[in-house]
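Asker: Sequence:
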Amino acid sequence: MNTIDFNRHLITNQNALESFAFKFTHDYEDANDLVQDTMLKAMRYSQKFKEGTNFKGWLYTIMKNTFINGYRRTIKTRSLMSTHEEIPTAQFINGATRNSGENKFMMEDINNAMNKLQPEYLTPFIKYFEGFKYHEIAEELNIPIGTVKTRIHMARGLLKKNLKMYTKEFSAESY
Numbered sequence: 001m002n003t004i005d006f007n008r009h010l011i012t013n014q015n016a017l018e019s020f021a022f023k024f025t026h027d028y029e030d031a032n033d034l035v036q037d038t039m040l041k042a043m044r045y046s047q048k049f050k051e052g053t054n055f056k057g058w059l060y061t062i063m064k065n066t067f068i069n070g071y072r073r074t075i076k077t078r079s080l081m082s083t084h085e086e087i088p089t090a091q092f093i094n095g096a097t098r099n100s101g102e103n104k105f106m107m108e109d110i111n112n113a114m115n116k117l118q119p120e121y122l123t124p125f126i127k128y129f130e131g132f133k134y135h136e137i138a139e140e141l142n143i144p145i146g147t148v149k150t151r152i153h154m155a156r157g158l159l160k161k162n163l164k165m166y167t168k169e170f171s172a173e174s175y
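Mapping of the sequence shown onto full-length UniProt numbering: residues 1 to 175, in sequence order.
Source of the hints: derived by calculation from the structure; they are not laboratory data.
Even for Gly, the Cβ is constructed at its ideal location relative to N, Cα and C.
Check each hint, because a few of them may be wrong.
Computed Cβ-Cβ distance ranges for the label pairs, DEER-style [stated by the list, open to error]:
id, residue 1, residue 2, range
1, 118, 28, 45 to 53 Å
2, 29, 134, 26 to 34 Å
3, 106, 136, 51 to 59 Å
4, 46, 106, 44 to 52 Å
5, 154, 12, 44 to 52 Å
6, 126, 50, 33 to 41 Å
7, 118, 65, 18 to 26 Å
8, 2, 41, 14 to 22 Å
9, 40, 141, 29 to 37 Å
10, 163, 119, 17 to 25 Å
11, 130, 109, 17 to 25 Å
12, 161, 46, 49 to 57 Å
13, 32, 139, 36 to 44 Å
14, 52, 111, 49 to 57 Å
Construct all of the structure, not just a fragment, from the sequences and the given hints.
Answerer: So, in structure tokens, the structure goes:
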């Protein structure tokens, strides 16, 4: 398909993309941004479109993946950034009184607990912690989704067991 035909197909499907984007974002401006990102990616990767396949489906797939990647990026950014309104006052006191030596020991304990996990538990747990969904982990590791859920559950239990000294410490400090 030449560039002119490709662009014509792209413009023809723009309204359908806008409707589809709104279902994801529930906001017109965000939907327009998503459509724009999708169209730019489609033009950038136009050579990857296989002529004779479903063009609209190809565009929808690009949009869905763009939305999911943007959502993951937003979640990671929000989890890293906090404002003072989101942190309880008790957390300020604990953070101010703790020294970096205590934090270093805590991190060492966490790393030791993680290193004690068998790879079949650690790998799915880390993927889940990074924001991957159960089905994505199952596909990547080529194991059933139930096995992924079980391994993540087991990893959590083992980590709780190996780090239980901190649960007692933090629950005692909250008083």
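Asker: All hints are to be evaluated individually against the structure, with a verdict given for each.
Answerer: Evaluated hints:
For residue 118 and residue 28, the Cβ-Cβ distance of about 49 Å falls inside the hinted range of 45 to 53 Å, so the restraint holds. Checked against the given bound of 26 to 34 Å, the beta carbons of residue 29 and residue 134, roughly 32 Å apart, stay inside it. In this structure the supplied range 51 to 59 Å is violated for residue 106 paired with residue 136, their Cβ-Cβ distance being about 30 Å. A beta carbon spacing of about 50 Å between residue 46 and residue 106 agrees with the range 44 to 52 Å that was offered as a hint.
Against the hinted window of 44 to 52 Å, the Cβ-Cβ separation of residue 154 and residue 12 comes to about 51 Å, which satisfies the hint. Taking 33 to 41 Å as the suggested C-beta distance range, the pair residue 126 and residue 50 conforms, at roughly 35 Å. The given range of 18 to 26 Å is broken by residue 118 and residue 65, whose C-beta atoms sit roughly 32 Å from each other. Separation of residue 2 from residue 41 is about 19 Å and conforms to the stated range, judged on CB atoms against 14 to 22 Å.
About 32 Å separates the C-beta atoms of residue 40 and residue 141, a value consistent with the hinted range of 29 to 37 Å. About 19 Å separates the C-beta atoms of residue 163 and residue 119, a value consistent with the hinted range of 17 to 25 Å. At roughly 21 Å, the beta carbons of residue 130 and residue 109 sit within the given window of 17 to 25 Å. A hinted range of 49 to 57 Å holds for the C-beta pair residue 161 and residue 46, which are about 53 Å apart.
For residue 32 paired with residue 139, a C-beta distance near 32 Å fails the hint of 36 to 44 Å. In this structure, residue 52 and residue 111 meet the distance hint of 49 to 57 Å, their C-beta atoms being roughly 52 Å apart.
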